[in-house]
Amino acid sequence: MTAATLSSGWFLENAWLIPLIPAIGFALIISLGKRMPQGGSEIGIASIAASFVISAGAAWQWIQRVNSVSGDGEHALGGVFGFARAILPAASEEGGKAAYVEPVIRSWTWWQSGGLEFGLGQHIDGLAVMLLLLVTFISLLVQVYSTEYVAGDRRYTHFFASLTLFSAGMLVMVLAENMIQLILGWEIMGLCSFMLIGHWWEEKANSTAALKAFFTVRVGDVGLLVGTAIIFFGANDWAVANGSNGFSIQAISGWAMSGEASQSVLFWGGVALFIASIGKSGQFPLHTWLPDAMAGPTPVSSLLHSSTMVVAGVFLVARLYPVFFVGFDILDTQFNLIAIIGGITIVIAAALAFVQDDIKKVLAYSTVSQLGYMMLGLGVGAWLPAVFHIFTHAFFKCALFLAAGSVSHSGSHHSFDMKKDMGGLWRKMPVTAGTWMISTAALCGIPFFSGFFSKDEIIDNAHNNGYDVFYYVGLAGAFMTAAYMTRATYLTFFGKARGAAAGEHHDEHATGHDAHDAHGHDAQDHGDHGHDAHGHDAQGHDAHGHDDHGHGAHAGPHESPWRITAPLVILAALAIGSGYLNAPAVGTEYFLKWVEPVGAEVELAASHGDDGDHGDEALGFGALAASEGYSEGCGYTDPAEGKVCYAPKVPHAVFTWGKAAPSIVLVFAGIAVSAWLSLGVFGDRRNPFRGLTTRFAPARWVHTLLVNKYYLDHLYERVIVRAVAHPIAAAAYWVNQHILDGIVNGVGTSGRRTGEWVYRNVDQRVVDGAVNASGFVASETGHALQPVQSGRVNQYGALLFGAATVGAIVLILVNI
Amino acid sequence: MNMETITNDTWILTVGTFLPLVGVLLMMFVPAGEERTHKQIGIVTSAATLAVGVWTLLRYDFAQSEKLQFFVDAEWITVIRSNYTIGLDGISLPLYFLSMVVTFLVMIYTWDNMPDAGNPKSFIMLMLVLQVGMAGSFIAQDLILFFVFFEVVLLPMYFMIGVWGGEQRQYASLKFFLYTMFGSALMLVAFLALFFQTGAESFSFAHLAEAGALIGRDVQIWIFAGMFIGFAVKVPMFPFHTWLPDAHTQAPTQGSVILAAILLKLGTYGFVRIAIPMLPQGAKAWAPVIGILAVIGIIYGALGCLAQTDMKRLIAFSSVAHMGFVMLGISTLTEFGINAALFGMVAHGLITGMLFFLAGSVKHRYHTLEIKRLSGLLIQMPRLGWILGFSAMASLGLPGLAGFWGEFPAILSAYNPNFGLDTTLYRTLMVIAALGTVLAAAYLLWLFQRTAFGRPNPEFTAHGTHPVGAGVNDDHHDHGADIHDVTPIEWIAWTPFLIAIVVFGVYPQLMFDVMDPAVTLLVERVGAGIP
Amino acid sequence: MYAVNFLLLGAVMFSIGVFGVIARRNAVMVLMSIELILNAVNVNLIAFALMNGSAEGHVFALYVIAVAAAEVGVGLAMVLMIYRNRRSIALDELSALKG
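Chains as they are written, first to last, in my numbering: chain A, 2 to 817; chain B, 5 to 535; chain C, 6 to 104.
Chain A extracted, bound-state conformation (with noise of 0.2 angstroms):
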C-alpha cells in the first residue's frame, strides 16, 4: 500500500469542471436564453447532463481509487469483516479499504493576505463524489420536469438560470477545498433560493417567502461567518506548519484530531457551524422559512428539499465532521447539541406536518423531519447513515415532490390543497400515484425500500452508541413519519374525489385565498399558499395559456406528460433500489467502502502517506464489526509523532433483524392507525374521533399550538423582526436625526448665533468702529484742508516751491 497504489484519473483530477460547467451555462442563459429555441432551458440540460458524466466519471474513477488501495491490501480483513457477506468480490475477499484513501485535493491561488495563499479548488473524497453524482442527478431530472411544468412561464428563461447556477452552489460547495469556497457556494445556493422561491414576485406573498428564505439562512450564516473565523485561527498555525492553511478543509480535519488542537475552540467553532447548519438545514429553532419556501414552483421545492439547499447544513457537520467529533466529544456523552437538535426537530416536524392541508407543507416539515434525522444521526456518531440518509432521502422526497407537482399540474388544477382539491385521485393518475406509493413507502422505512436501509441504521446506531434517548426519539419519529404520511396519501390518492379532482371549475383566486381563510390558516402567514401560483394571475394565464396541455380547458384529472412522469418513475426506481447500496440486511456495504473515510493514521508530511505500518488501524477497523466503542485510535487518542488523522474511527452498530424489528412494528402501526384514523375523520362513516378537535379542549389546544407552527413564526416575525424592522430601526434613526443631527445642528445654530452676537457687538461696534473712526478723521482732515485745493495754478507753485525750500532747508540743517 503504497502511493503508487493509489489511482486517480482524469475526471478526478478535473472534477473542478462539474460546478464550472453549470455556472458558465448560468451565464449563457442569461445572455443567449430568450433567444434559444427553447428559451435557454437547453443549456441548462446539458450543462447540468455534462457535469453529471463527469460526476459520474469521477465517481467511477473514485471507486477505482478505493479498490486501489485495499486491492493489494496485505491485511486481508475479510474474516474480521464478518457480516459482510458481500456480493461484491473486492468487499469480501479484500475484506473492504483498511487505508485512509487520500482525497484528490487540487488548489489555485484564490486570494492571499498577510503573506498566506489561500486557495480555490477541489476536494474530492467518497462524501464529496457521492454527492456530485446526486447533486447533478437529480438536477438534471428536476430540470426535465420543470420544462413541462413551468412550460409558458413569463420567467421561464430566468427560471432555469437559476436553477443552473442554483446546482452550481451547491456543486462548488461539495467540492470545497476550503472553508471560504464552501461559504461562497452555501450563499450561492442562499441567493439562488432567494430568486427561485420568489420566482412569481408579483405576488407579495412569494417575495415575502423568497425574503424570509434568505434571511433565516442568512442569521445562520452568521455562525458560519464566526464559525470559520474560529476554526481558522486555530487551524492556521497547525496548517502552516503542514504546509496548508487554517481555511483548507482537509487541514482543519487533521488538526481537529491531532490533539494539538484546543477543545473549547473546537467547540465554540463546532457550536458557531452547527448554528449555520441549523438556518440552512432547517433544523429547529430556524426551521421556519422552510414550509414558507413551497411558495416556489414545485420543481424548485423538490430540487431545494432532496439534494441541494437543505442538505448542506447537513453536508456541513459531515465534512467538518472532525471538528464536531472532537468538539463535542460525540462518543463519550449522552447527549449533545447536535443530537439533541435534531431530535427535537425529528418530532416537532412531524407533529406540524399532521395539520398541514397543503400537501407541499406536508413533505416540508417531512422534510425538516428527515433532515433531523440526518442531524441526529451526525449527533450520535452514526457519520456513514446519516450521509447514506442525504443519498436515500433525495430520491425519495424529490419523487414525492414531483409527484405532488404532477397532482397539482394535472390533477387539481394547480391547487395544493389536499382537503379540498384531491382524493380519490389514483385511478386518473396511476403512474403518478404509484410513484408517490413507493416513495411515501421508502420515506416511512418499511423495509426493502431505501429508507429502511438509512434511517434504521440511524436509530441503531443512536442505541449502540448509547444515545437511549435519541433512540427512542429515533422510533417515535419512524411512527409520526408513518402516520402523517398515510394521512396525506388517504387524502391525496384515495376516498372522495373533492374541489378540482371532481372536476369542478372554480376561480383559482377565490379558491386559493378561500383555502387559506378556510382552514384557520394564520392570515400574517403569507407564505401559506394552498395554490401553488402557477396561473396565480389571470392575465398571466390567459397570456400564456396552458391550454396546449389541456389545462385552459379544465379537462379535469388525468395522467401527466411524459417529461413528468419520466423522472417519476426514474426517481421511485431509486428510491427502492438506491438503498441497496448499503444495506447490511442484504449483505452490501459499497458506502462504508467507498465513501465513509477511513479513521486511520496516515503520514503527515507525505500528502499520499500509507506505508504499510498500520496493521493497527486495519485491526481497529475490523473491531467495527464488533460493534464496540473504541478507547484509542483517531479520535480517541492523539496521533503519532508524524503521523495525522483526518477522519474519527466511528463504531458501527451491527444489523439484526431483531433489532430492526421495533422501528418496523411501529411503522406498520403507524400507517395502520393512520389509514384508520383517516378513513374515521375524512372518509364517510360517522367516527368518534371526527371533529374532536372541537368537542375536546387539549386536543383543541394541540391542534392550535400545531396550526400556529408553535408560534415560532410570530415570534420571529412579529417580535424580532417587527421590532427590529420598526421601533427599533426608527429610534435609532430618531436619534441620528434629533441627537446627533440635533448636536451638528445645535453647533451649527449655536455657531450662528454666536456669530450674530459678535457680529452685532464685536464687529460692528469694536471693529467697525475703529475702521469708521479712521474713516471719520481722514473725512475730516481732508475737510480742514480742503482750501488748499483751490484749483490756482500759481498757488500751486507757489506751495510747491515753498515746499521745495523748506525741504532744501531741512536738508541743509540736516547735513550740518
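Everything hinted at is true.
Using 27 angstroms as the maximum straight-line C-alpha spacing, the simulated DSSO-like pairs for lysine-lysine come out as follows:
(1) A:K205 <-> A:K420
(2) A:K497 <-> A:K429
(3) B:K376 <-> A:K205
(4) B:K367 <-> A:K205
(5) B:K43 <-> B:K367
(6) A:K497 <-> A:K420
Worth flagging that the hints you see were computed from the coordinates, not collected in a lab.
Following the hints, complete the assembly by docking chains B and C onto the known chain A.
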C-alpha cells in the same frame, strides 16, 4: 527603515494627476452655451487621464508592490520643508486607478443625465478639478501636499451639491463643507504637531513614519486624536456621519457616485497611510475605540437604513454600515483586517457607486425615490430592476461578488487582533459585526422587495388601471410616459462597474496580490513601532 | 573757479523762473518761466559736469531739453485749447481743479 523606492517613469503620476486641468483650461475658452463640446471635452479629458492610468498599471511592477513606484521627490515649498513627493504602492494603486475610472464613467453618464440646474461647463470643470484632488491625495507622499489635495477635493464637491443638488442642497452642502473643514482643521493641527514633535525636518511620509514612532506614547495619543477626528469625519464614522445622508441625498447623481466611490475613501486611506504608520502607539491605544465605533456604525447604519423611506437616503446610510466594516478591519491592525479594509474600500466604491447610479436613474424616470411609491420596477424596467438586485446582493456581501471580500476577512480579522489588543472585546465586536451582515441582508432585500417586486404603482403606468401583469416581456417599455429601461449611455457607464464587481468577487487575488505586500510591510513597521 | 559763476547764473535764472510761475497771470508767460527754470537746471548740470569731468551731466541736460520740448508742446496745446474754449488764458480765472 528606509522606504525603498523605484524611480522609473517619473512623469507618469504627475501627468496622470494633473491632466484633467488641461481639460479645464480648454473649457475656459469655450462659451458656456456649447454644452455638447463641454461634455465632449470632459469625456475626452477623463478618457485621456484614464489612459494614463492604464499605462501606469502596465508600467507598475507588481512584483515589488510594497515599494513606492514612479517616485518623485522635488523641492516645493522649501521654507516649510515640504516637498513635492509622490509615489504609488500597493495601498494606493487600486484607489488611484479607481478614481480615474469612476470619473471617466461619471463623465459618460453626464452625457445625457445632466442635473436639472444645467450649466455643464462649470459642472464638468468642477468634476475635473475634483479628479485632480482625488488622484493627488492618493499619490501624495508628503503631508502638506496630501493636505492640499485633500482640501482641493472639498470645494468642487461643495459646489456640486450646493448648485446641482436637490431641494435642501444649501443646507446639505454647507453641512458637508463645515463638517469636513472642522475635521480638516483638527487634522492640520495634528499634522503640524507631528511635524514639530518629530523635529521638523521634513513632511515626507517616509520620514514621519520613521520619526513618528519615536514620539512618546501620550503625545502620540493626542496627535492621533486630531487625525482621528479629521479622518473619521471623512470616512464617516459614527458619530461623525450625519453630514453623509444629507450630502448624499441632496447631491446630484454624479456627486453621490463620486462621493461614495472615492471621497469617503480618503478618510480610510488616511488612517492606513498616515495615522497608523506614523503613530503606531497612538493607533494601538485608539484601536479599540475605532473598533467599537465601527461596530456601532455597522449596526446603527443598518438600523438607520431600515427606518428610511427614501431609496437614496437608504443607500447613503448603508455607506455608514459598510465603512464600519472597513474601519473594523483597520482597527484590528492585522494584515487580514487592513487588506480587507482596502478591498472593502474599492468594493464599496464600486457597489455603492452603482447603487447611487441606479437611484439617480430611478429618480430621473419616476421623479421620486420614495420607496412606498415605487414598486414593480422589475415589470417596468426589468434590466434596471435586475441590476438593482445584483447590486443589492453585492452590497450585502454575497460571496462571488466584490462586497464579500471586504466584509468577511474584516470579520475574520477581528477574531485575532494584532499587538495584544483585547481579544475578548474584539471577539464580541466580531459577533456583532457578523450580526450586521444579517441586518444588511434585511434592509437591502427589503428595499429590493418593496421597489422591484410586486406590480407597478398605477400612478406611473400610462394606461392607469391597466393590469401590467399581462404579457410582461423584457422588451416592453411602453408603460408610463418617460419610464424606459436602461439606456445605452447608462449601459456604457455601468457595465464596467458590474464587470468589476463580478471579476473582483470571483478572483479577488487580482487586488489582494497588489495590496498584500504593501500591507504586510506596513503592519511590520507598525509592529516595530510598538514596544 | 568758473563753476561758481555758472551756478550763480543758474540761481538767477531759477529765481526769475519761480517769480514768473508764481506771479504771472498769463499762461504763456508761466510756460516760459517753467522753461527758464528747466534751463537753470541745465546750466547747473553742465557746470557740475565740467567740474567732475564726466559726461553724465551732459546726458541729463540733453534729456531735460528733450523733456522740456515735449512739455512745451503739450503745454501750448493745452493753452490753445483753453483759449479756444474760454477766450482767455488768464490763470486766475481757471480754477476747475478746485477740490
